Amino acid sequence: MKNLIALSAALGLLAACSRTDRSGASGGHAVIQNKGSDTLVNVAQAWAEAYKKVDANVAIAVTGGGSGTGIAAIINGTVDIANASRSMKAEEIKTAEAKGVHPKEFIVGYDALAVFLHKDNPIGEVTLAQLASVYGEDGTVTKWSQLGVQVPGCPSDEIIRVSRQNNSGTFVYFKEAVLGEGKDYKLGSRDMHGSKDVADLVSKTPCAIGYSGLAYATPALKVPCVKKADDAACVPPTIASAVDRSYPIARPLFMYTNGEPTGATKGYLDWILSDVGQCIMVNKGYAPARPVKCDG
Amino acid sequence: MSAPPPHPDTAALDRRDLAWYVDKLVAVLVFVGGVSAVVFIVGIFAFVTHEGWGFVSEHFSLRGFFGSIRWAPTSTSNPTYGALALIAGTASVTGLAMLVAVPFSLGAAIYIAEFATGRTREVLKVLVEMLAAIPSVVWGFIGLSVMNPLIIDVFNVPIGLCVLNSGLILGLMAAPIMTTIAEDALKAVPDTYREAAEALGATRWQVTRRVVLPAARQGLLAAVLLGVGRGFGETMAVLMASGHAINLPTSPFDSVRALTATIAAELGETAVGSTHYQALFALGIFLFVVTFVINLSADLIVRGIRKT
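Heads up: the sequence lines are chains A and B, in that order. Count along the first sequence from 1, then add 67; that gives the number in this note's numbering. Position 80 of the second sequence, counted from 1, bears residue number 72 in this note's numbering, the numbering being contiguous throughout.
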């Protein structure tokens, strides 16, 4: 009997939560559901944590799962804000419109995609063309010697390509930015399930090359600078070079809402785009959407 | 004087006390438990088929699915769904795992059933069963962080996430269940067989090799088949230790990608109802059918033993 009472109380609470959630009113208690990109999840959690002090009446529930998951959730109307490390595809927008959802896009920051090499790898700079010939379907480079280096600890000379699973936002962005529109990866890359796994594997494998968000770079990795073309300047991936867009493979990070945000959701998004919110982004290793001055 | 009691029928003889109700309740509960397995298996098969049917009916071709290694479902210019490399990956890892697990587990089973006595036997049995309790993600982690650098160093290969790594790990994972079932099969051989052989002057090994093993043949085969089924279905450890690369393996040091690992890695971020989503479920249908056939044949073989 006691259990029954507890259960119905919990159900009642749940119902109450979803009600305030739908209304999104700024007065009273509101819950904002926030879901999506694993690239953004650390920042999203930091924002949610800090926002408690700004408006104690708003609780923000953050979950990861990937850009595709977040976008699917906003289409199905189960979240208020979706995080994505890629923009919505035309077909996704079409599906959303068919369901009466009108996605509105906000750029909340930028992420420099760093190229990872083993720390013993002598390469200090790479060009986009070299990356494309290593990763691309019609690229011919499979040996380190073809890039003019000999990698210590890698007697086989084989380039071990480390990539991501084929529906992560990182995978899609790297494909479009480096290989070119409509091009595909060469088969046979080791497709890791998460940016951290890429960093781990490359740091332990002398023959490897990988890519992931700059925030996942560790001291055990070598991060070369990247040239847009042979005669262009070589730009190292940093927060500054991502903000001024001089780094060639920096991608925007998005949040999506259903229509123009209102109430608590609007308050939260405005705060994210304010100096305070943007500085949290910088502290987590990502570039802000616009230049900001942060202390520390 | 009261009237004579009515003729008692059998139902009226039941005493409707607490024990009677408990008995009826338990009968219903165990019936539900027994039937639920059937309900679940039919339900799961119906679900997987329903989700994957769109792919099978519209995009499926024998050549495209079983004859191509190009699994590129998210390609914008030319999406293809070739499962050959994934099937080869699963088959090679499972094959190597069986090479590791069969001698180990049959050896362990023979030792426990025929040679070990008393305490040794009991302790060994418990330890083998404990090996089965290690979560697969822990095995995968061992593959990723212990075996990978070890294989790179020992064999001087560029990367240690390969058929060898995941095969060894999967072999160790499949060994406990195979040992347990093989041991049961050896135990099922009547002691009179052994006594007769010993009376003729046979040594322990001669008894085992000439009498017990031939008599337990089918049970041992069933044990191996269940191990194969275990290997086919394992996901997490294989995802972490195999390298997850689309590749037709030509040596144990090649990275491969398994069917299960592909589903696990990709399903989470796939739009529900898309062709990619349906293709993943088509892989699921294939896996389901293969494991079903393997387990069914193991079961039929075990039934064969009981009849003889």
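Possibly wrong hints are sitting among the right ones.
Selected chain A positions facing chain B (Cβ under 8 Å, derived; list incomplete) [as the list claims (entries may be wrong)]:
1. T130
2. G132
3. G135
4. G191
5. T194
6. L195
7. S223
8. E225
9. S235
10. G247
11. R257
12. D258
13. H260
14. S270
15. T272
Keep in mind that the hints were calculated from the coordinates and are not lab data. This one's a predicted model, so the numbers in the text were calculated from it and none came from an experiment. A virtual CB, placed ideally from N, CA and C, is assigned to each residue, including glycine.
Proposed interface contact between A/S223 and chain B, which counts if any beta carbon pair is under 8 Å: holds, 5 Å
Hint status (Cβ of A/E225 to nearest Cβ of chain B, threshold 8 Å): holds, 5 Å
Interface restraint verdict for A/G191 against chain B (beta-carbon cut-off 8 Å): This hint is violated: A/G191 lies away from chain B, its Cβ roughly 21 Å from the closest one there, beyond 8 Å.
Hint validity - A/G132 Cβ closer than 8 Å to any chain B Cβ: holds, 6 Å
Satisfaction of the A/R257 interface hint, Cβ to chain B closer than 8 Å: It holds, given that the least Cβ distance between A/R257 and chain B is near 5 Å, below 8 Å.
Evaluation of the interface hint that places A/G247 against chain B, nearest CB under 8 Å: With a minimum Cβ separation of about 10 Å from chain B (threshold 8 Å), the hint on A/G247 is violated.
A/D258 as chain B interface residue, shortest Cβ-Cβ below 8 Å: holds, 5 Å
A/T194 as an interface hint toward chain B, with CB separation required under 8 Å: Hint on A/T194: violated, closest Cβ of chain B at ~23 Å, above 8 Å.
Given hint A/G135 near chain B, where the shortest CB pair must fall under 8 Å: Given a least distance of 4 Å, the restraint on A/G135 holds.
Evaluation of the interface hint that places A/L195 against chain B, nearest CB under 8 Å: At about 19 Å, which exceeds the 8 Å cut-off, the nearest Cβ of chain B leaves the hint on A/L195 violated.
Interface hint outcome for A/S235 [beta carbon to chain B under 8 Å]: With a closest approach of 7 Å, the A/S235 hint holds.
Minimum beta-carbon distance criterion (8 Å), A/T272 to chain B: holds, 5 Å
The structure is inconsistent with the numbered hints 1, 4, 5, 6, 10, 14, although it conforms to all the rest.
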